[in-house]
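Residue numbers (the numbering used here), protein chains in the order written: chain P, 394 to 686; chain V, 394 to 686; chain L, 394 to 686; chain B, 394 to 686.
If you are wondering where the hints come from, they were derived from the structure by calculation, not from laboratory data.
Certain hints may be false.
One copy or any two copies: either way a pair holds, since identical chains are not told apart in the list.
To be verified - Calculated pairs, DSSO-like style, for lysine-lysine (alpha carbon to alpha carbon, straight line, at most 27 angstroms): (1) Lys438 / Lys589; (2) Lys589 / Lys634; (3) Lys431 / Lys520; (4) Lys520 / Lys552; (5) Lys438 / Lys397; (6) Lys552 / Lys589; (7) Lys589 / Lys520; (8) Lys634 / Lys438; (9) Lys431 / Lys589; (10) Lys520 / Lys438.
Listed below are the residues making up each chain.
Protein chains: 4
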Amino acid sequence: MSSKRIGFAGLGLMGSRMAARFLEPGYELSVWNRSVEKCAPLQAKGARVAASPRELAESADVVFSSLADPPAVERLVFAPDGVLQAARPGFRYVETSTISPDLSRRLIEAFRERGADALEAPVTGSKNGAAQGTLVLMTGGRRETHDELLPLLAVLGPKIIYCGEAGSAAVVKLVGNTIISFMLEGLCEGLVVARKAGLPFETLLEVIMASGYASPYFTFKGGAIARRDFEQHFSIDLLVKDQNLMLQEAHVRQAPMPGLAAIREVFQAARAQGHGQADIAAVVQVLERAAGL
Amino acid sequence: MSSKRIGFAGLGLMGSRMAARFLEPGYELSVWNRSVEKCAPLQAKGARVAASPRELAESADVVFSSLADPPAVERLVFAPDGVLQAARPGFRYVETSTISPDLSRRLIEAFRERGADALEAPVTGSKNGAAQGTLVLMTGGRRETHDELLPLLAVLGPKIIYCGEAGSAAVVKLVGNTIISFMLEGLCEGLVVARKAGLPFETLLEVIMASGYASPYFTFKGGAIARRDFEQHFSIDLLVKDQNLMLQEAHVRQAPMPGLAAIREVFQAARAQGHGQADIAAVVQVLERAAGL
Amino acid sequence: MSSKRIGFAGLGLMGSRMAARFLEPGYELSVWNRSVEKCAPLQAKGARVAASPRELAESADVVFSSLADPPAVERLVFAPDGVLQAARPGFRYVETSTISPDLSRRLIEAFRERGADALEAPVTGSKNGAAQGTLVLMTGGRRETHDELLPLLAVLGPKIIYCGEAGSAAVVKLVGNTIISFMLEGLCEGLVVARKAGLPFETLLEVIMASGYASPYFTFKGGAIARRDFEQHFSIDLLVKDQNLMLQEAHVRQAPMPGLAAIREVFQAARAQGHGQADIAAVVQVLERAAGL
Amino acid sequence: MSSKRIGFAGLGLMGSRMAARFLEPGYELSVWNRSVEKCAPLQAKGARVAASPRELAESADVVFSSLADPPAVERLVFAPDGVLQAARPGFRYVETSTISPDLSRRLIEAFRERGADALEAPVTGSKNGAAQGTLVLMTGGRRETHDELLPLLAVLGPKIIYCGEAGSAAVVKLVGNTIISFMLEGLCEGLVVARKAGLPFETLLEVIMASGYASPYFTFKGGAIARRDFEQHFSIDLLVKDQNLMLQEAHVRQAPMPGLAAIREVFQAARAQGHGQADIAAVVQVLERAAGL
Numbered sequence: 394m395s396s397k398r399i400g401f402a403g404l405g406l407m408g409s410r411m412a413a414r415f416l417e418p419g420y421e422l423s424v425w426n427r428s429v430e431k432c433a434p435l436q437a438k439g440a441r442v443a444a445s446p447r448e449l450a451e452s453a454d455v456v457f458s459s460l461a462d463p464p465a466v467e468r469l470v471f472a473p474d475g476v477l478q479a480a481r482p483g484f485r486y487v488e489t490s491t492i493s494p495d496l497s498r499r500l501i502e503a504f505r506e507r508g509a510d511a512l513e514a515p516v517t518g519s520k521n522g523a524a525q526g527t528l529v530l531m532t533g534g535r536r537e538t539h540d541e542l543l544p545l546l547a548v549l550g551p552k553i554i555y556c557g558e559a560g561s562a563a564v565v566k567l568v569g570n571t572i573i574s575f576m577l578e579g580l581c582e583g584l585v586v587a588r589k590a591g592l593p594f595e596t597l598l599e600v601i602m603a604s605g606y607a608s609p610y611f612t613f614k615g616g617a618i619a620r621r622d623f624e625q626h627f628s629i630d631l632l633v634k635d636q637n638l639m640l641q642e643a644h645v646r647q648a649p650m651p652g653l654a655a656i657r658e659v660f661q662a663a664r665a666q667g668h669g670q671a672d673i674a675a676v677v678q679v680l681e682r683a684a685g686l
Numbered sequence: 394m395s396s397k398r399i400g401f402a403g404l405g406l407m408g409s410r411m412a413a414r415f416l417e418p419g420y421e422l423s424v425w426n427r428s429v430e431k432c433a434p435l436q437a438k439g440a441r442v443a444a445s446p447r448e449l450a451e452s453a454d455v456v457f458s459s460l461a462d463p464p465a466v467e468r469l470v471f472a473p474d475g476v477l478q479a480a481r482p483g484f485r486y487v488e489t490s491t492i493s494p495d496l497s498r499r500l501i502e503a504f505r506e507r508g509a510d511a512l513e514a515p516v517t518g519s520k521n522g523a524a525q526g527t528l529v530l531m532t533g534g535r536r537e538t539h540d541e542l543l544p545l546l547a548v549l550g551p552k553i554i555y556c557g558e559a560g561s562a563a564v565v566k567l568v569g570n571t572i573i574s575f576m577l578e579g580l581c582e583g584l585v586v587a588r589k590a591g592l593p594f595e596t597l598l599e600v601i602m603a604s605g606y607a608s609p610y611f612t613f614k615g616g617a618i619a620r621r622d623f624e625q626h627f628s629i630d631l632l633v634k635d636q637n638l639m640l641q642e643a644h645v646r647q648a649p650m651p652g653l654a655a656i657r658e659v660f661q662a663a664r665a666q667g668h669g670q671a672d673i674a675a676v677v678q679v680l681e682r683a684a685g686l
Numbered sequence: 394m395s396s397k398r399i400g401f402a403g404l405g406l407m408g409s410r411m412a413a414r415f416l417e418p419g420y421e422l423s424v425w426n427r428s429v430e431k432c433a434p435l436q437a438k439g440a441r442v443a444a445s446p447r448e449l450a451e452s453a454d455v456v457f458s459s460l461a462d463p464p465a466v467e468r469l470v471f472a473p474d475g476v477l478q479a480a481r482p483g484f485r486y487v488e489t490s491t492i493s494p495d496l497s498r499r500l501i502e503a504f505r506e507r508g509a510d511a512l513e514a515p516v517t518g519s520k521n522g523a524a525q526g527t528l529v530l531m532t533g534g535r536r537e538t539h540d541e542l543l544p545l546l547a548v549l550g551p552k553i554i555y556c557g558e559a560g561s562a563a564v565v566k567l568v569g570n571t572i573i574s575f576m577l578e579g580l581c582e583g584l585v586v587a588r589k590a591g592l593p594f595e596t597l598l599e600v601i602m603a604s605g606y607a608s609p610y611f612t613f614k615g616g617a618i619a620r621r622d623f624e625q626h627f628s629i630d631l632l633v634k635d636q637n638l639m640l641q642e643a644h645v646r647q648a649p650m651p652g653l654a655a656i657r658e659v660f661q662a663a664r665a666q667g668h669g670q671a672d673i674a675a676v677v678q679v680l681e682r683a684a685g686l
Numbered sequence: 394m395s396s397k398r399i400g401f402a403g404l405g406l407m408g409s410r411m412a413a414r415f416l417e418p419g420y421e422l423s424v425w426n427r428s429v430e431k432c433a434p435l436q437a438k439g440a441r442v443a444a445s446p447r448e449l450a451e452s453a454d455v456v457f458s459s460l461a462d463p464p465a466v467e468r469l470v471f472a473p474d475g476v477l478q479a480a481r482p483g484f485r486y487v488e489t490s491t492i493s494p495d496l497s498r499r500l501i502e503a504f505r506e507r508g509a510d511a512l513e514a515p516v517t518g519s520k521n522g523a524a525q526g527t528l529v530l531m532t533g534g535r536r537e538t539h540d541e542l543l544p545l546l547a548v549l550g551p552k553i554i555y556c557g558e559a560g561s562a563a564v565v566k567l568v569g570n571t572i573i574s575f576m577l578e579g580l581c582e583g584l585v586v587a588r589k590a591g592l593p594f595e596t597l598l599e600v601i602m603a604s605g606y607a608s609p610y611f612t613f614k615g616g617a618i619a620r621r622d623f624e625q626h627f628s629i630d631l632l633v634k635d636q637n638l639m640l641q642e643a644h645v646r647q648a649p650m651p652g653l654a655a656i657r658e659v660f661q662a663a664r665a666q667g668h669g670q671a672d673i674a675a676v677v678q679v680l681e682r683a684a685g686l
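One chain only, chain P, in its complex shape (with noise of 0.2 angstroms):
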């Protein structure tokens, strides 16, 4: 794979530092953003803006997107002006966003149709991970596409995990930020009642850390949480649109999830108070406020 155009669509809090990897030689990056002021830093470092998403596609080789919502990666690919309108043979299109495994389904098989061909590629990591190129990628699709690709997924991340046919990739995403849920909830509902028996945070996280169940992402939203930072890394809104997904995928796979069921109605209610743009951390403000602390 020599010189190759890489379209960028999408310029988040994700999506731009994903992008910015590609400012390297050897790629030629336009991009993309539906407000377009997003564009200007990479403009600014020799990115190409393309007026339209179709457009986008129409000047690279591969183009890779970064959405907050399935409705927008649904305008993003269907629209009149959407990539899909500039697919044709050996062109691929890699979507990064977390969305339905349905969708994706329906995504890579439009693609297919045209000649073209898809990959899912939701990423994890945090968006130090994404301006560093540390990000996890698991990958859903046809395992050539994959091994096609390996070389521009990597500039994302080192570790790249295929996972199956289309929608396999959406689906470990969702269950992976399940965990997340799960694992975020059980430390903040544990957090305020040893608050409430008087407990030191630091005494709380330094058994956490020294035990089986330890894990980096303890110390990471632990310490955020000590400190009270719920600047966002990964904002509440976008949880709770992804544990949405996780239950649709569990309804139409018809797998009870008693305990994701229970802990989304938590940050919904973070989304009811205000908190939907903070950090997923600033969850412990619900369980606090319903403590009457």
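Let chain P serve as the given structure and place chains V, L and B on it in line with the hints.
Okay, now just chains V, L and B, sitting in the frame of chain P:
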């Protein structure tokens, strides 16, 4: 602390392994267990068998306890032939069982009234950790008593965290088991949907272990589930007991725990379905059954 | 309103019985159903069978709809041969299906754009109520349209409650089915414990019916459970659909529903366990199974 | 049963009104209450005030109890100056408090061992029902004792339902309060969404009361919520106590109660937020707060 006479009450999965660590030069070990048969293996290796908790305490400088539940602890200490009857100035009692913060406070108080002292020292780590002396210990009580007993506690594990006054370590331990409950339930809810969606278990575990929320605990329990190996490391009956203690403490402290409440009912169903004596990983079977698998 | 041409789309459990009430002098009834066989009984009694929703609307002054779910309603109205194609000044559409407030608003808006008007009129009451014209109707839309259609609505039930603008009746209906979900789940959770405690079912029902919280609903569903009669009055599939719509509306309105979220997972399990087409009272079997009965 | 000496222990919201019904010709009433001030109103109307539960029992043929929680009942009966000390052949004890089935069995057993007998007779109905003698009574214990005490029970309410052996009535009562919890929580979750959707409260209540799931309970509590009148009929503290007893019984019987578990946490939050002594209808404020209202 030269040659030390150690008493150990409760020779279950954890206790028998912890007690065995005092079969070293420098300690004289006496043991007691409700059903005397369980004393035989340690007796064969040189331990003395006491006829009652009281007698155990009379022949020891420090008595450790590792029992299944609060009522058993209550009997061990407060019964007419209980440990407390032999408490005297200088005598020390170490409670490693997971009990309620309230019972912990009452125990310690009772020993102090007799001029002795007690420490709560709940542990975390599996039966392997107990055997190898790699448990994590949380302690609560007087700081000086903690300091004084450190050399003995170190026989059980290298990591000993002082949590605060009597009852503090019990809260920390319960929060720890709460977090375990969330992690395991989240993993299992995710696994069942993923299985219904046709995803290989290994892929899911590979992603989890590569992500920021990775934890050795997921490898440990995920592996057991993959092998359908539900041999008891930590029984469902015991975890439900701890979930009940946590919810009770949350009630006393007036802190809602909506996630734990939902999760507890799933583990409760596991008991109803005959898995009480299986390892906590067996909870996956409740979710599978609910999902019609 | 002299001789009125009525169209009825959707001849399921409720629709077939509601439609039959217009086989009276004073009405000309046309019917349409996706699978045409279901039209035969009404055709035998004098109803005309329309070839498409559009044709149904062309030959009627007012079209009623009673369908299983929002996608079916969406197709009925918006498809190329849908009802909307035949909308014209003076034409009226009455949606009795339980759909999302949002779809309700969209439907009504679409008819208004064509100079026609529509009313949402979800109903409550079992299939018996549908047959006997004793349903309760909640209406949403223009008050004048409600007033104009009152004589026709009265054919279905004597109690017709105007709830407000478009979407209001959908919310009220969803809240009603939420309350049903709570009552039935509460009854069943209680019954299972009582059964495990050896209490006769009749005693429990007798106490419930004598208490301040008595409701005909408990007699109705409690009796069915006592007889193990799970023949469908209101299917689990349909109630779960409504629970999903309610949780979705709660999401849009940002109002947590922790109880409903927990209850939904139990009904979800009922679907997974093969009871989707049974009556909602069959949910008791999920709880029995969870309890190891 | 000619002139009968009645003792009444516990003069709270319910007890004071129930006791007053024995200020009729044909009964001699003695009363006891932990804080003696509460005895004054009844003393002014002719009741004797006993110095201790034991003395109360010595001067009465039948002692009724109406206390706040199981520990209070335990003290009343088993304390050194408790009722049990005065138990003798022919003496009868009637427990109207809501306690655990287990405590109920222990109480009754203890009286029998002394040649006396006891009946559990938990009641349902508000303080108005207590005052007017329109309570519903559930009884458990020996059928002959139930028959023997019928004339006295009838003073409290016309509807007296024999549930079975000792402990049965406690279970039935707990199930009843479980159903109340579900009905109230369901109503409140629905009300909050409806309020956020701009629906008038009255419309919602009108629909509920017209539907098959109507219940006087919805009128009673719905009306209180509409008026924001949270004056205590049945306190949140007491209902949470009963929810705890129910979940404990469900634990013993190994029957999962996922809905009640979720609901309990909401009422628990009500306590944490300072509504413990308000009426159970005040739980709506927790949901409003969670929803950011």
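Hints, one by one, checked against the model:
1. Lys438 / Lys589: Close neither inside one copy (51 angstroms) nor across copies (46 angstroms); limit 27 angstroms.
2. Lys589 / Lys634: Between copies, since 21 angstroms is at most 27 angstroms while 31 angstroms is not.
3. Lys431 / Lys520: within (16 angstroms within a copy, 55 angstroms between copies)
4. Lys520 / Lys552: Intra 16 angstroms, inter 34 angstroms, cutoff 27 angstroms: intra-copy only.
5. Lys438 / Lys397: Intra 17 angstroms, inter 71 angstroms, cutoff 27 angstroms: intra-copy only.
6. Lys552 / Lys589: between (41 angstroms within a copy, 26 angstroms between copies)
7. Lys589 / Lys520: neither (33 angstroms within a copy, 32 angstroms between copies)
8. Lys634 / Lys438: neither (33 angstroms within a copy, 50 angstroms between copies)
9. Lys431 / Lys589: Cα proximity of Lys431 and Lys589: none, with 44 angstroms in one copy and 34 angstroms across.
10. Lys520 / Lys438: Result: close within a single copy only, 19 angstroms intra versus 57 angstroms inter.
The structure does not agree with the numbered hints 1, 7, 8 and 9 stated previously, though it agrees with the rest.
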